[in-house]
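On the provided structure of chain A, position chain B as indicated by the hints.
Number of protein chains: 2
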Amino acid sequence: MYRTKTCGELRIDHVGQQVTLAGWVQRTRKMGALTFVDLRDRYGITQLVFDEQKNPALCEQAGKLGREFVLQVKGTVNERFAKNAKIPTGDIEILVDELQVLNASEVPPFTIEDHTDGGDELRMKYRYLDLRRTPVRQNIELRHKFCLAVRHFLDNKGFLEIETPVLVGSTPEGARDFIVPSRMNPGQFYALPQSPQTLKQLLMVAGMDRYFQIVKCFRDEDLRADRQPEFTQIDCEMSFVEQDDIISIFEEMTKYLFKEVRGYDLGEQPFIRLPWSEAMRRFGSDKPDMRFGMEFVELKDVLSGTGEFAVFNEAEYIGGICAEGCASYTRKQLDELTNFVKSPQIGAKGLVYARVQEDGTVKSSVDKFYTPEVLNRLKETMNAKPGDLILILSGPDAMKTRKQLCELRLLMGSRLGLRDKNKFALLWVVDFPMFEWSDEEGRLMAMHHPFTSPKPSDIDKLDTDPASVLADAYDMVCNGVEVGGGSIRIHDAVLQAKIFKVLGFTPEKAQEQFGFLMNAFKYGAPPHGGLAYGLDRFVSLFAGLDSIRDCIAFPKNNSGRDVMLDAPSAVDDKQLDELMLEIRSAEK
Amino acid sequence: MYRTKTCGELRIDHVGQQVTLAGWVQRTRKMGALTFVDLRDRYGITQLVFDEQKNPALCEQAGKLGREFVLQVKGTVNERFAKNAKIPTGDIEILVDELQVLNASEVPPFTIEDHTDGGDELRMKYRYLDLRRTPVRQNIELRHKFCLAVRHFLDNKGFLEIETPVLVGSTPEGARDFIVPSRMNPGQFYALPQSPQTLKQLLMVAGMDRYFQIVKCFRDEDLRADRQPEFTQIDCEMSFVEQDDIISIFEEMTKYLFKEVRGYDLGEQPFIRLPWSEAMRRFGSDKPDMRFGMEFVELKDVLSGTGEFAVFNEAEYIGGICAEGCASYTRKQLDELTNFVKSPQIGAKGLVYARVQEDGTVKSSVDKFYTPEVLNRLKETMNAKPGDLILILSGPDAMKTRKQLCELRLLMGSRLGLRDKNKFALLWVVDFPMFEWSDEEGRLMAMHHPFTSPKPSDIDKLDTDPASVLADAYDMVCNGVEVGGGSIRIHDAVLQAKIFKVLGFTPEKAQEQFGFLMNAFKYGAPPHGGLAYGLDRFVSLFAGLDSIRDCIAFPKNNSGRDVMLDAPSAVDDKQLDELMLEIRSAEK
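Residue numbers (my numbering), protein chains in the order written: chain A, 1455 to 2042; chain B, 1455 to 2042.
No lab work stands behind these hints: they were computed from the structure. Hints may contain errors.
[To be verified] Capping the alpha-carbon separation at 35 Å, the derived lysine-lysine pairs in DSBU-like fashion look like this:
1) K1611/A - K1579/B
2) K1909/A - K1518/B
3) K1955/A - K1579/B
What you are looking at is a predicted structure, and each value in this text was computed from that prediction instead of being measured.
In isolation and in its complexed conformation, chain A is listed as follows:
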C-alpha cells in the first residue's frame, strides 16, 4: 500500500504517530514560513504542513504543487494550533518529512469543490473529475448503501437474486427496443430488455417463489429531461400472493430503507392507499405529492349556471385550489401564474382567481359575472379564510383540466415552501384502469402491461365494457414521484388470451410475440405478482437531487450520448460486413 492511513481517519489520538498518506492536492497556501497543503481522498481531507525553516528544499517542492497533483507523503501527526471544527480531521495536521509526487495534473477544467464553476456539459465530459467532488461522490456512496440494504432486506425475506439475460428477444408491445445484430445468426437481432417482466414471470412458473434483481433496463425513447436510455430497476416477483401481500412486504422494505439508509422514520402507520380515480379527482395526478394538501375542490355546482360567465357555464369541469395566505399576491404575481397555466406545456385557456379579503368579502377576476352571494358560496365551498387566494381552472375535458390544475397546485406548493426535500410522503395508488384508449393506435392499450390481471370482480366486464375494467395494479408514490409499480399477473392461459384479444392481437400474433410465455403457462403457472422500483429515481429522492443523473456514475445526455466516452460512434466497415449490415444513406 502506498499509505498507512487514509486522509479521513486521523484524530487527536494519533498525535505523534508516523504515518504515510496518499491523495490529491485540494489546495495549497503559504503563510509566512509555512506552506499548507490540503490532501484529499475519498475518505476526507488532511492538512499537510511544510516548514521552510526545518526543510527549505521540501518546502520549495511543496510550493510547486498544483491542484489535483497525486502525492504520497510521510510525516508525523501533530495537534493543530488553529483547529477546524468543520472537518473530522480538523484537530490535527501532518508535519511532512518526505514528499513524492506520484502523478502531476494539468489544471482541471473546473474547480473540484462542493460548488463548482463547471457547467453541465463540461462536468459530463470530464465526469471522472466531477466524481471527485464530495456531493457527487456522496450520491454514489448512497446508491451503494441503498442497494446493499435492498439486498439485505429481500434476502431476509427469502427472495433470490437471479440474473436474467440482457440479450433477449424483441417484444414490440411497449416502448421501442434497442436491438443487437447477431453475427452468428445473420439477419437476426437480439433486443435489450425494457424490463425482465416476462423472464421473472417464467421464474415464477419455474417455482422460484420469490425473485428479485437489481438490473439494467433499456428503452430507446426520445429522451426527456431526466430519462436515460439505460436505467436500473429493483425488479421483484412473488408467487402465491395477492395484492395485499405485495403491498405489505414492500411497504415494510420502504420503511426499512428510509430508516437504515436515510435515517428517516416513516412511522408505524400503513401508507395511504388511494384509488386511481380518487387520486385524479383530488390531485389531478396518478402520483400526487402528498407532502401538502391544497386539494382540488369541484366547483361546477357553485359556478356553472349561477352567473353570466360563459366560460364556466360551458365548462365540463371547474376546479379550484386554495393557496393559504396568498391573497396579497400582486397583479404581477397573478399574471405570472396565468402565463404559467397558459404556457404550451400546461395548455389551459386562462386562470380565474379570487382573493378572500380581511373583511371576509371575496374579490375576484370574474366579479362582474357573479353576485356576492355566489362568491361567498365559492369561499365557503373552498373552505377559504381571509388572506387566502382561490385559483380556478375550467375546461371541456375533466381529465385534462385536472392535470393542468395539478401543475398549478405543484407550483403553488413549491412557492409556499410546502415541498421540503427532507420530508417524505408515501402512498399507494391502486385500482388503475386496465386499459386506456390510444388515438394513435385506434385501440385499447394496456395501461400497465398486457400481463396485468384485471380485478377478479371485473373479469365479467371484459366482454361487455372492457374500458371500465380495473386492474389489480398498484404504484408506490413518494413526493409526487412514482418510485415503483406493479401488479398481480394473469396466470391463466385462457384469461391471458382474452386480454390479448381486447388489445387487438390476433391469436397468431399473440402466439408469435408471447408464445414462450403462454406455452409456459400450460405447465402449472402459480398465481403471482410483483413490482419494480426505479432505482435511479428512488436514490435521487433520498439524495434530494433534482435530476437522476447525479446518482449515476456515467450518465448519458439528452441525445443518448456519453460525451466522456464519445459513444455512440461509427464502427469499422469490417464489423458491419461481419454482421451483414449496411447503413442506409440519408435520402429525402
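Showing chain B alone in chain A's frame:
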C-alpha cells in the same frame, strides 16, 4: 397469501395444526383407500393424504391430479406412520380437508426429478420446467448466496459497488464487440462492454479508491463449449496499491467465500504463487490443476543422444510424467492414451511409455533403442517406483509439447481419481509475459490487456527487448480453472503511450481509441490495479458442475441462441428503417 406454511417447513412439532399449503404435484400414488400426493415448492416436499373413507369426493378429485398441477390445500398436520428420514418434512403429512386446483398442467416433456430423462435441448427449451428440478434450483440458490457473500465482504473492506454503463463505445482491441445501432445518432453504434476495464480505471482517476461490481459482460466470440456470449464478472479495482495488496485482499475474500458459502476451509497458509514460466515448465499450463502432483520431468539430458531413437534425438523438448501404480495398464489402455494424445485436439505425434516392473527393471516401448542403463536413469530421474507407468511426449516446440503433456496429465489425474470435485487447490500464477506474438496480426499483442503495467524492473527492456518484458499481472487458479485475473495498471500517460507504440498503435490511433482514458490520466491518475473473477465459472466450481450453464438461469446454446425465447430473431422492417439499417442479402 395462498398459504400459511411452505412445503419445506412442517416438523413433528406442528402436529395438530391447521395449515394451508400451495405448490406443485410431484407425484401421486394410491394405496388402498388412501391417496398420497407429494406437494413440492422451492422449500421442500410435503406429503398430502386423502382418505377415501373420510371424504370420497375429495379423494376422487385427488385421484385425477396430474404431475405439475398447482394446488392449494387446507388440512391438519399429522404424524406419519411410516416416516421418511430422507426429507426434513418426513415425520409428518397433511390430512387434507380442502383442495383447490389453482392451475392444471399438461404432461411435462421430461420428468421433474433430480435425474431427469430430458436431453439438453429439451431442458433448455423448457428451461422454466428444468429450473423446478432440485439440483438446478440449488445452483441458482448457491449463486445468490455467493453474490451476497461477495458483496458483504467487499463492503466491509470499503469497496463501493458502482454501476458502469452497458451502452458504451466500441474498442477494437480484444475480442469482438456486440454493437447496438443508435436511432438518435443514425449510422452510429454503441458497443456492449467486454468488461468495464477502462471505466473502472476512470473510477480510480475519479478517486473512488475501491470499486467493485457484479456485472454482465459481452463477447461476440465463436462459442466453444462452456462459453456464453453474455457472462458475469466480479469486477474489482483499487487505488494506491501494489500487487501484494491486491493478492492479499482477494485471497482473504476467496477463503471467506469458501468457508461461508461452501463450508470448505482453505486453511491459514497463503496460496502458492507460481511464476508463469514455472507453471508452464512444471505443468505445461498457466492454470495448473494442483489437486495432484504428477509434475513434468524434463528428460532431454536422459533420452536425447543417449540412444538410437531419432524422434528423441531430434526433439527440442522431451518431458515425462509418472502415473503411480499404472504399470499394469493393458495394451488396450495404452493404445487409448496414444490415440488421445494423437487426436487433433491434442496433436502429438506419438506417446512413449515405460513400465517399472515389480523387480525394478524398466520395460518400455523404446527398449530397442536404449540400454538398460539409460532406462534405469530414466526411472531414477522420474523418481518412479515399481508398479508405476512413465508417459513421455516430445516435440520440436517446447511450449506446444508441454501443453500436450498437460492434457495427458489431466487425463491421468482424472483416471486415477485425483481430481475430486470436493477438494480445492488454489494458487496464484504471477509474472506473466507482457506480450505474446500474434502470427495473424504480425505484431506483439498484449497478453492481458494494453493497460497492464510492466514489472517496474522490466520497464527498461521495453525499448530493447519487449518480448522478454514481464507484466505485473496475476491469475487466480482453482482446480485447473482460471477463476480470476488482473494486473497493476499503468497510471502514467508516458508509459501508456510507450506500450501502445510496442503494440503497433500510431499515436493517432491510440488517441482515437483510448483518448478518453489517456486524457483522464493527465489529471492526476493514482497508482491502481485490480482484478476480475468469472462469476459463472467460480459458482460452477462451488457447485461441482461440468458446465457453467447450469448455474445460469437462462443460458444460451453454442450458437448463441436462447432456444426458450427463440432469440435472436428477425425484426420489423419499420424498426430497421428507424435505425437507417439494411440487411445485406447473402451473396456468393
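Here is what the structure says about each hint:
1. Straight-line distance between C-alpha atoms of K1611/A and K1579/B comes to about 31 Å, which keeps the hinted pair within the 35 Å bound.
2. The straight-line distance between the Cα atoms of K1909/A and K1518/B is roughly 30 Å, inside the 35 Å bound, and the hint therefore holds.
3. For the hint pairing K1955/A with K1579/B, the CA-to-CA distance comes to about 26 Å; that is within 35 Å, so the pair holds.
Violation of the numbered hints given earlier is absent; every hint is satisfied by the structure.
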